[in-house]
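Colleague: One letter stands for each residue in the lines below.
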Amino acid sequence: MAHVISMLPVRNEAARWLRATLEQLSILTDRIVVFDDASADDTADFCKSYPKVRYYRGDIPWFEQNEAELRRHLWELATYENPEWILALDADELFEERATLELPWLLNQEDYDAVAFRIFDFWKGTEQVRIDGAWNPWNRFSPLLVRYDSTLSPDWMAQPIHCGRFPLSYRDRVTFYSHLRVQHFGWARGDEHLKKYLFYRERDLAVYGAVQSHTESVLSSSITLEPWIPMPSPGWFSEKEHR
Amino acid sequence: MKKRIAILTSNHFEPSGARQVYGGAERYGVELTKLLLDMDCDVEWWQVGDNWNKEIIPGVPIRGVPETETPYQTMPHLNQVFFEQAVDADGAIYFVMYLAYPTVFPNSISISHGIYWDHPGMDKFLPSALDRQEWHRRLQLAIGGVRSVVSVDTATINWVRATWPILAQKFSYVPNFVDLNSFYPQNKESRSPHPRLRVVFPRRATTVRGINEAGKTALWLTESHTDLEFHFVGRAHDDNMERTLTTWASSHDRIFYYWLPPHLMAELYRFSDIVWIPTKSSEGTSLSCLEAMASGCAVITTAVGGLCDLIQDGYSGLLIEPTARALADATKRLASDPQLRERLGTHAREVAETFSLDRWHSRWSEVITRVF
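Line order of the protein sequences matches chains A and B.
Position in the first sequence (first residue = 1) + 566 = our numbering.
For the second sequence, position 195 matches number 185 in our numbering, and the numbering has no gaps at all.
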């Protein structure tokens, strides 16, 4: 199977979704490169308890000031591992369960250099996902997995937020758009919405000079949700595994 | 010195560039690109798009050229931009026949992927006799303008022979291919025991490929035949349809919906028993059909387009009318008769061997060498 490295930025994640993410990445990838953005909780000990984790830590928080710089640094750390593929998930993101069987098989090929997935935002719980406006996961794919090419430039988009997960040169790689879904739990706790809204509002004003409509929609009273539908893997993948 | 070959297609990606169209024609395009690279050519692609630049395979560019109109089922503006911008090319390939209108490179080839004018929507696009006459004129000019037309099936050639006999000489029959090293039967005894037969619809989820008939049949048979499970494996043309299919499949225990990259399709067929190719129109010599045959599956298909070049009814598969009832009856027949499945699968593999990728390379190489 392909040599896959995951890179994971974390900050104060111990009481959130980190356990599930690390459990899954330990199955899916050969090494988990973690950059801890100055956590003040047990995130460090938590990460270090997973044998595949390569743990790095910064003493001054970067994310709130310059996400691009944090991600560029994390990318650099990941490339030290000389990977074939690099997976970029956040600590509150999980592939649906079937991916542990199916994803590795997607990578044993030469026809494409990136894999994109639909990301579903769970809303105020873990039962429903948001599908209105720019939250709609059905009409967009996000590249989260790229084949590492040491000849490409590592330059990052010069923007402190919404700066992408990979260097600019990895845009427009030949991409496979996968049916496998990613679950994003960053909005699953309703009591955090106001705090997150205020954070993104401030960043929007600093970067764009105006609050973006997607940010405003966080507190909208008119939203559309649909149930998350679990889907089993077709049985032949597990038969293949045991062949 | 390397020859530069420019290829014009309509949609390898959606015009926005955001979504790749996954179908046999697109896989054909990738394979043709690889062949040209192996023949030491430089390759560049053009298609309808919002002025973007991408790669069709790593290292091979594809450019999006704005085009919003398709008068009489042609794209004259796209054709002319291609003619101007690809001016340095030593030769051109028009990936769809009608794209070679109104201008054409002196050294050029076009490709027929099968008769598409049997699509019921043609009547909507060409509602009057005058419209159809103009479409005919343009198609005739497009065929007449290129040096050679590669047709994936005999149906197209025979239609042209009956319509414009003199133009039939332009055609070379180069049927579609299957990579026999990737697509091969799995020894059934080495398969893990599975309680049900796998029935696969390995097509794009579109009306012309028979998605509605296949869906209806799957619903009927999941109720009556608990020994069957159904795999719908292919992207739809739009997000809403994929959402609908995902929801629909997940509400039934033995119906699955997903899609796979080409290299995993070979694996899927090795775990499959019955394959549905219930095409209603716009078909050539389906890659999916050939791959299922090479994998030793029992194939049920229709007498549409080039499929009769592949399947002899009762020998290498079953040919049916494109209706849900006929599909259900044929599936029940195969489900209850393992010897018939075995016999059809064995013969299908033998027939598929005459459609090898090596043979396709050889035939295409002859055409390329002759024209360029």
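Hints are not guaranteed to be accurate.
As the list claims (entries may be wrong) - Computed beta-carbon distance windows for the label pairs:
id : chain 1 : residue 1 : chain 2 : residue 2 : range
1  : B       : PRO51     : A       : GLY756    : 45 to 51 Å
2  : B       : THR234    : A       : SER708    : 54 to 60 Å
3  : A       : GLU805    : B       : GLU124    : 52 to 58 Å
4  : A       : LYS762    : B       : TYR174    : 34 to 40 Å
5  : A       : ALA724    : B       : THR144    : 40 to 46 Å
6  : B       : ASP28     : A       : PRO798    : 49 to 55 Å
7  : A       : GLU768    : B       : ASP28     : 53 to 59 Å
8  : A       : ALA700    : B       : PRO96     : 26 to 32 Å
9  : B       : GLY49     : A       : THR790    : 38 to 44 Å
10 : B       : PRO96     : A       : ASP715    : 34 to 40 Å
11 : A       : GLU650    : B       : LEU330    : 31 to 37 Å
12 : B       : TYR174    : A       : SER708    : 50 to 56 Å
13 : A       : PRO720    : B       : THR234    : 28 to 34 Å
14 : A       : ASP677    : B       : GLU124    : 50 to 56 Å
Stated by the list, open to error - Covered by chain A, according to a simulated footprint, are these stretches of chain B (three or more residues, beta-carbon under 8 Å):
id : stretch
15 : 44 to 54
16 : 220 to 231
17 : 252 to 259
Because the hints were derived from the structure by calculation, they are not lab data.
Heads up, the beta-carbon is just placed ideally off N, CA and C, and yes, glycines get one too.
Colleague: Of the hints given before, which are not true for this structure?
Modeller: 2, 4, 5, 6, 8, 11, 12, 13, 14
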